[in-house]
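The hints should help you fit chain B onto chain A, whose structure is shown.
Line order of the protein sequences matches chains A and B. Under my numbering, residues 1 to 366 are what the first sequence spells out, in order. Under my numbering, residues 1001 to 1605 are what the second sequence spells out, in order.
These are computed hints drawn from the structure, not numbers from a lab. Glycine included, C-beta positions come from ideal geometry on N, C-alpha and C. It is possible that part of the hints are untrue.
[Said to hold, decoys possible] The calculated lysine to aspartate or glutamate pairs, modelled on EDC-like cross-linking and capped at a C-alpha distance of 16 Å, are:
id, chain 1, residue 1, chain 2, residue 2
1, B, K1566, A, D212
2, B, K1435, B, E1151
3, B, K1564, A, D20
4, B, K1555, A, D158
5, B, K1548, A, D212
6, B, K1462, B, D1422
7, B, K1548, A, E283
8, B, K1319, B, E1306
9, B, K1564, A, E299
10, B, K1575, A, E359
11, B, K1319, B, E1330
12, B, K1564, A, E304
13, B, K1564, A, E194
14, B, K1573, A, E359
15, B, K1566, A, E359
16, B, K1555, A, E304
17, B, K1566, A, E306
18, B, K1572, A, D305
19, B, K1572, B, D1585
20, B, K1572, A, E304
21, B, K1321, B, D1203
22, B, K1546, A, D214
23, B, K1321, B, E1293
24, B, K1271, B, E1293
25, B, K1546, A, D212
26, B, K1573, A, E304
27, B, K1265, B, E1238
28, B, K1566, A, E298
29, B, K1575, B, D1551
30, B, K1548, A, D337
31, B, K1573, A, D305
32, B, K1572, A, E359
33, A, K202, A, E306
34, B, K1166, B, E1029
35, B, K1321, B, E1361
36, B, K1566, A, E299
[Said to hold, decoys possible] Simulated DEER-style distance windows between Cβ atoms:
id, chain 1, residue 1, chain 2, residue 2, range
37, A, P209, B, E1356, 53 to 61 Å
38, A, D20, B, F1527, 55 to 63 Å
39, B, E1312, A, E48, 39 to 47 Å
40, B, G1363, A, H29, 55 to 63 Å
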Amino acid sequence: MTAGLYVHVPFCLTRCGYCDFNAYAGLGHLAPRYVRGLEAEAALWAGEWRNERFGSVFLGGGTPTTLEARDLAGLLARLRDRFDVAPDAEVTVEANPDTVDQAKLSALLEAGYARLSMGAQSFDPRVLQSLERVHSPGSVRRAYANARAAGCANVNLDLIYGANGETLGSWRRTLEETIALGPEHVSAYALTIEPATPLGRKVQVGLVPPPDPDLQADMFGLACELLGDAGYDHYEVSNWSKPGFECRHNLGYWERRPYLGLGAGAHSYRDGRRWWNVRPPGEYLDMVEDGVRPIGGEEVLTAEDERLEEVFLKLRILEGVASDSVAAETAAAFVDDGLLARRNGHLVPTERGMLLLNELVLALAG
Amino acid sequence: MTETTHIRNFCIVAHIDHGKSTLADRLLELTHAVAEREMRDQYLDKMDLERERGITIKAQAVRLGHQAGGRTYELNLIDTPGHVDFTYEVSRSLAACEGAVLLVDAAQGIEAQTLANYHLARDAGLSIIPVVNKIDLPQADPEETARELGELVGWRPEDVLRVSAKTGEGVTNLIERVIELVPAPQGRREDPLRALIFDSTFDPYRGVVAYVRVKDGVLSSRAKIRLMAANIESEAEECGVFAPEATPAPELGPGEVGYLVTGMKDVHQAKVGDTITIAGRHRAREPLPGYREPTPMVWSGLFPAEGGDYSELREALDKLKLNDAALRYEPETSQALGFGFRCGFLGLLHMDIVKERLEREFGQELIATAPNVEFHVVRDGRVTVVHNPSEMPQPGTYDHVEEPVVLATVITPSEYLGPVLDLCQSRRGELVDMKYLSPERAEVHYHLPLAEIIFDFFDQLKSRTRGYASLDYEHWGYEAADMVRVDVLLHGEPVDAFSSVVHRAKAPQYGRRMVERLRELIPRQLFDVAIQATIGSRVIARETVKAKRKDVLAKCYGGDITRKRKLLEEQKKGKARLRRVGRVDVPQEAFIAALRVDERAGEKR
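If we strip away everything but chain A, and leave its shape as in the complex, we get:
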């Protein structure tokens, strides 16, 4: 069983109204120091994780491509020095369409970042505006073309559906345009309103209507239909890929494999324990520079926690849960209702079931 290595880069050019990730605009000047900090933190964990083989490396954020290409290249090299990263490991970097030109993309590929995950979100300018994204559909197309031209053979596009003003027709055009581009992987997320965000506050005070769950359900159905017809496998609630291009790193979360997270606010998990780093980049840097592990908190999973996680994570993917591990009668009712299907002694969610996972999980594991 391989582990995953996650690296968090908390810098963004601007903050998007809906995003509640640990990301900051205007801290770009910390970047060089932050790269050294990551390398220092890697050194603090290297001993403890030396017997783990890492099958994936994932640079997420924030916007990792706000860092210089040579810094990103150097970072990956240091990580390979410190940890046992498999030669054929999946190495992903997230990119904002406006932060990558062809030269930078070539450099990243050269350095070993073979998988590129791009935040496209939508091809409808009104939806991008509603999401407070600064890029345009044109810059997504351009960045995508640049990636292909640079020789990238594994591209993911992130999409978001259900923003205020988006119609089913607009979502269809976004999906069709995505399919026409032909990325190996598509993530399509229903817009979720997080309370502690500018958008969340607007919804709370009634300036923006909350997403209509029925419309989002229709949009989900349309994504399943169009992406399925175009040859994408629906392998997780919000993820589709061409066969063989599932994101190995993310699968690790749902398959409950261990992961080590480096960087401000990053989470790690191993042996029934989960811990997380302090969130403010300054505080993070102060600690790692002092040679202290930058841990902000931790939890040890109880048997009950483990059971709940097993069910709600594995029901997100096609693996599903073992039939004999959940209440048989409840499961049977869900199979009758078309929310679960039986496969090789496992219960797996149907498309309708995926959209109602919370309900299924509570009934099966609650």
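Frame of chain A; chain B shown alone:
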């Protein structure tokens, strides 16, 4: 002990807000019964609840001393409850008096309760002293009010007293008229003891305390007593008078009013209307007339709210019953609401008081089902009493149903007569008679089903007459009516708490309202939930709560997992608070909101 010739026992009867409590305060003050520094508003209303609501729940009695013509008189003022729910209690208080002050607000004129109380007092054979109150108000019309009142009781308008209980104007004069006009009590010391219980209460330290009026004989402090209706004997512990606080006295003679610490532990053994006599050879042969068991008229299921405890509720009810002899309750099981009690009340006000006391004094959180009346189901001449709609048999299994009917009195400004008659007609009323008290005001009598009265009648009446109409009613009897049981089904399962017995003609309207309300209240489930209102197997209204389609966290990566698990745990706790009806999860708030009768009849506000 005072000679009967120097005793006057009287009460004040009035429509609500006509100033009865203020007049009582003034009487206490003018007779120096209460030191000025101890004076507080509505002195006689002991319970906090009473002072807040401005109503008198329990009758109280107070002894006042007054000098007139060189002699000292003992005046016993017996306060009566002023609400239709407590008509029987009022009648027993009246039976303890020889006279009644009939008080009318000079700005309002005669109201429905004025009439009802007048008739009760007259039927009890009391001397009636008509008094116009609030003459200090700028909008007062003492002349017109005196004319109406004089006409009612057969006095010349100029003889009707005019007072301001607020300023005290005319109140001393009133005291003198009471001494002059209220007859001294009859009754001889030598006769066997007969004392009327006109109220009783439970004191945690002293047990059952009875409020009594001695009719014949002498009640002494440590007498061995016998309660004639209850057929119980006990050692009395103490008797005394209210001056105005309880003050022990060696004995109470004929005509006197006071209290008796009975030595009993259960207030139900000392019921209002019972007669106290001496145990043994000297006991009275005949009890005083007029005793009857309290009869609940309105029923409702009380259930502990979420997290509440059935045994705690039972304990609270047991304690409450200690000083509320009219309260009835029996265990009830609802598949939707769990274990609780079906409770019988004298009326809606009584019900609200009990609920409020359970919540306030005993910290109980409650879900109450919609109130209903008691139905008589007749089959082959045999009567089955049903006071829970879910026990109402299905149509076709009985000959007919009888429902309680009241004789209602409405007094309204003439300009609103049309809307009042419309309301009564729409509530299945039958006009009995109608007359004009003056060109501006009309008095209407209707036979109305009690079930219609307890369903927002009072509020409707108030809103159609801009608050000017007044209502009173007395129970008339049972009459056959085409009543049907309407059930509400969720996803095919009947919800017993939502069953109701309504008139057939009104069933479709009722059913439609219930299903529409529930559609708003029931959260979406994993499947379409049909909400149906039915009579027997016939569906009379239907709505659907469409199935929920999306409930999933879109993103779930490294850091989200802990957060997500916690969210699920929260959601799980929320689920535990739901009540399950068949396959449908219903939040408690939905029950409370669906069972709420928006408007309450017969209440003051």
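Evaluation of the provided hints:
Among the hinted pairs, B/K1566 with A/D212 is inconsistent with the structure: their alpha-carbon atoms are about 24 Å apart, more than 16 Å. Using a Cα cut-off of 16 Å, the hinted pair B/K1435 and B/E1151 holds, with the two alpha carbons roughly 13 Å apart. The suggested pairing of B/K1564 with A/D20 holds, with an alpha-carbon distance near 14 Å, which does not exceed 16 Å. A threshold of 16 Å between alpha carbons decides the hint, and for B/K1555 with A/D158 the separation of about 12 Å falls inside it, so the pair holds.
Our distance criterion of 16 Å between C-alpha atoms is met by B/K1548 and A/D212, whose separation comes to about 12 Å. Among the hinted pairs, B/K1462 with B/D1422 is consistent with the structure: their alpha-carbon atoms are about 13 Å apart, no more than 16 Å. A C-alpha spacing of about 44 Å is found between B/K1548 and A/E283, which places the hinted pair above 16 Å, so the restraint is violated. For the suggested pair B/K1319 and B/E1306, the alpha carbons sit about 22 Å apart, so the restraint of at most 16 Å is broken.
A C-alpha spacing of about 14 Å is found between B/K1564 and A/E299, which places the hinted pair at or below 16 Å, so the restraint holds. Our distance criterion of 16 Å between C-alpha atoms is met by B/K1575 and A/E359, whose separation comes to about 10 Å. Straight-line distance between C-alpha atoms of B/K1319 and B/E1330 comes to about 15 Å, which keeps the hinted pair within the 16 Å bound. With a CA separation close to 14 Å, the supplied pair B/K1564 and A/E304 stays within the 16 Å bound.
Distance check on the hinted pair: B/K1564 and A/E194 sit about 13 Å apart at the alpha-carbon level, within 16 Å; holds. Restraint check: the Cα-Cα separation between B/K1573 and A/E359 comes to about 13 Å, which is no more than 16 Å; the hinted pair holds. Pair hint B/K1566 plus A/E359 holds up; C-alpha atoms about 15 Å apart against a cutoff of 16 Å. Taking the CA atoms of B/K1555 and A/E304, the gap is about 22 Å. The hint is violated against a cut of 16 Å.
Only pairs whose Cα atoms come within 16 Å are accepted, and B/K1566 paired with A/E306 is accepted, the gap being roughly 12 Å. Taken as a hint, the B/K1572 and A/D305 pair is honoured in the structure, with Cα atoms around 13 Å apart against an allowance of 16 Å. A threshold of 16 Å between alpha carbons decides the hint, and for B/K1572 with B/D1585 the separation of about 12 Å falls inside it, so the pair holds. With a CA separation close to 13 Å, the supplied pair B/K1572 and A/E304 stays within the 16 Å bound.
The straight-line distance between the Cα atoms of B/K1321 and B/D1203 is roughly 12 Å, inside the 16 Å bound, and the hint therefore holds. Proximity of B/K1546 to A/D214 is assessed by CA-CA distance (about 10 Å); at most 16 Å being required, the pair is judged to hold. For a cut-off of 16 Å, the pair hint linking B/K1321 to B/E1293 stands: about 15 Å separates their Cα positions. About 8 Å separates the Cα atoms of B/K1271 and B/E1293, which keeps this hinted pair within 16 Å; it holds.
Under the criterion of a C-alpha separation no larger than 16 Å, the hint pairing B/K1546 with A/D212 is consistent with the structure, at around 14 Å. With a C-alpha separation of about 15 Å, the suggested pair B/K1573 and A/E304 falls inside the 16 Å cut-off, and the hint holds. For a cut-off of 16 Å, the pair hint linking B/K1265 to B/E1238 stands: about 15 Å separates their Cα positions. This hinted pair checks out: B/K1566 and A/E298 have alpha carbons roughly 14 Å apart, not beyond 16 Å.
Restraint check: the Cα-Cα separation between B/K1575 and B/D1551 comes to about 14 Å, which is no more than 16 Å; the hinted pair holds. With a C-alpha separation of about 13 Å, the suggested pairing of B/K1548 with A/D337 holds against the 16 Å cut-off. Proposed proximity of B/K1573 and A/D305 is supported: the alpha carbons are some 15 Å apart, at most 16 Å. A distance of roughly 9 Å separates the Cα atoms of B/K1572 and A/E359; the hinted pair therefore holds under the 16 Å criterion.
Only pairs whose Cα atoms come within 16 Å are accepted, and A/K202 paired with A/E306 is rejected, the gap being roughly 36 Å. Of the supplied pair hints, the one linking B/K1166 and B/E1029 holds, its CA atoms being roughly 12 Å apart against a limit of 16 Å. About 13 Å separates the Cα atoms of B/K1321 and B/E1361, which keeps this hinted pair within 16 Å; it holds. Between B/K1566 and A/E299 the alpha-carbon distance is near 12 Å, which keeps this suggested pair within the 16 Å criterion.
The supplied range of 53 to 61 Å is broken by A/P209 and B/E1356, whose beta-carbon atoms lie about 40 Å from each other. Range check, A/D20 to B/F1527: Cβ separation about 33 Å, and the 55 to 63 Å hint is violated. At roughly 54 Å, the beta carbons of B/E1312 and A/E48 sit outside the given window of 39 to 47 Å. For the hinted restraint 55 to 63 Å between B/G1363 and A/H29, the CB-CB distance of approximately 60 Å keeps it satisfied.
The structure fails to meet hints 1, 7, 8, 16, 33, 37, 38 and 39 from the earlier list, while all remaining hints are met.
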